[in-house]
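There are 2 protein chains.
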Amino acid sequence: MTEPHSLTPTIKFCSQCGSAIEYRIPPDDSRLRAVCTVCATVHYDNPKCVVGTIPFLGDKILLCKRAIEPGYGMWTLPAGFMECGESLAQGAARETFEEACATVDLIEPVYSLVDIPHIGQIHIFFRAQLRDHDFAAGHETLAVALFAHDEIPWQELAFNSVRVALQSFIADATRGEFNTHHHVRTLTVS
Amino acid sequence: MTEPHSLTPTIKFCSQCGSAIEYRIPPDDSRLRAVCTVCATVHYDNPKCVVGTIPFLGDKILLCKRAIEPGYGMWTLPAGFMECGESLAQGAARETFEEACATVDLIEPVYSLVDIPHIGQIHIFFRAQLRDHDFAAGHETLAVALFAHDEIPWQELAFNSVRVALQSFIADATRGEFNTHHHVRTLTVS
Numbered sequence: 001m002t003e004p005h006s007l008t009p010t011i012k013f014c015s016q017c018g019s020a021i022e023y024r025i026p027p028d029d030s031r032l033r034a035v036c037t038v039c040a041t042v043h044y045d046n047p048k049c050v051v052g053t054i055p056f057l058g059d060k061i062l063l064c065k066r067a068i069e070p071g072y073g074m075w076t077l078p079a080g081f082m083e084c085g086e087s088l089a090q091g092a093a094r095e096t097f098e099e100a101c102a103t104v105d106l107i108e109p110v111y112s113l114v115d116i117p118h119i120g121q122i123h124i125f126f127r128a129q130l131r132d133h134d135f136a137a138g139h140e141t142l143a144v145a146l147f148a149h150d151e152i153p154w155q156e157l158a159f160n161s162v163r164v165a166l167q168s169f170i171a172d173a174t175r176g177e178f179n180t181h182h183h184v185r186t187l188t189v190s
Numbered sequence: 001m002t003e004p005h006s007l008t009p010t011i012k013f014c015s016q017c018g019s020a021i022e023y024r025i026p027p028d029d030s031r032l033r034a035v036c037t038v039c040a041t042v043h044y045d046n047p048k049c050v051v052g053t054i055p056f057l058g059d060k061i062l063l064c065k066r067a068i069e070p071g072y073g074m075w076t077l078p079a080g081f082m083e084c085g086e087s088l089a090q091g092a093a094r095e096t097f098e099e100a101c102a103t104v105d106l107i108e109p110v111y112s113l114v115d116i117p118h119i120g121q122i123h124i125f126f127r128a129q130l131r132d133h134d135f136a137a138g139h140e141t142l143a144v145a146l147f148a149h150d151e152i153p154w155q156e157l158a159f160n161s162v163r164v165a166l167q168s169f170i171a172d173a174t175r176g177e178f179n180t181h182h183h184v185r186t187l188t189v190s
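Taken in order, these protein sequences are the chains called R and B.
Residues in the first sequence are numbered from 1 upward in steps of one, following full-length UniProt numbering.
Residues in the second sequence are numbered from 1 upward in steps of one, following full-length UniProt numbering.
Derived from the structure by calculation, the hints contain no laboratory data.
None of the hints are false.
Subject to a maximum C-alpha distance of 27 angstroms in a straight line, what follows is the list of computed DSS-like cross-link-like pairs (lysine-lysine):
hint, chain 1, residue 1, chain 2, residue 2
1, R, K48, R, K12
2, B, K12, R, K48
3, R, K65, R, K48
4, B, K12, R, K12
5, B, K48, B, K12
6, R, K12, B, K48
7, B, K48, R, K48
On a predicted model such as this, the values are computed, not experimentally measured, just so you know.
Chain R with its partners taken away, still in its complex shape (with noise of 0.2 angstroms):
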């Protein structure tokens, strides 16, 4: 029912016994993996969720500008790879903080979903009430301030994934009703 991905793969050795990887299907499977040549273990590779917040105080709304590639000099959400052993709401807490040293209350369910097949990422957003005027620039971020609805500098956004969760957030806030969205982007984000 899917199409292949075209992710590459990167697998070259086991990571259980260090003997070279061979791609092929499985028994009872119907997708190519990474077998090993000497002890079969099959290495899956599985999609990865990015987590972050859309602070506001006010009607404002937090942005970082990107103190690293992809999008060095852009502006983004505080956002950022999900960790083992972290819940969804965690790892965008914990985003938040690293990036912007600020401190937010988590505003349940989840706000924006956004499916990016072609990368293998999901990208997942909480809208997030920030405490105080208390931020500052992390040590990936080059500065941080907070925009008015109409101030997003939406032509230098650094991924269509933030673009989407913004436009999301200004349309509900201004029908003053929010709904969780989930959309998929089909087409390369930065």
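Could you slot chain B onto chain R? The hints should help.
Frame of chain R, contents of chain B only:
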């Protein structure tokens, strides 16, 4: 902000060059990572998404009796690990077809999200309208059946995330309004 997770480090050799791994905290990082002792590649371990559906037809819900461990012989909703190259919805529909031979129309947005941090998984379910009575047991399933809301075999469910999704669904159906739900499980499931 997050407690160390209890997942056992499982990477022993580098997938890029086959050399031995050591676990240490790389520069500009705060977590123990699997780092190659020769080529210095850092191997990240991220949570995995399990995607599935709550398939319904009229007032009944389809459940699958598991033919594999964990939970052999217990009832579950059709679900499984999301694959690279597919969206959340494509993965959920694929698992529904593989496990219950059922074609469904998924309802957006995502309905039930359950974090299970201690095993590094997020279980995500969509509501899904069954097209017809054309369903059957897939190769990981012993039997499929439709259950009225008061017939759900609560004592014989394989996973807590399935219990949570079904509880939300039945409560929402009873009050006549469905919203996205997000929970965190802190106890061992399955």
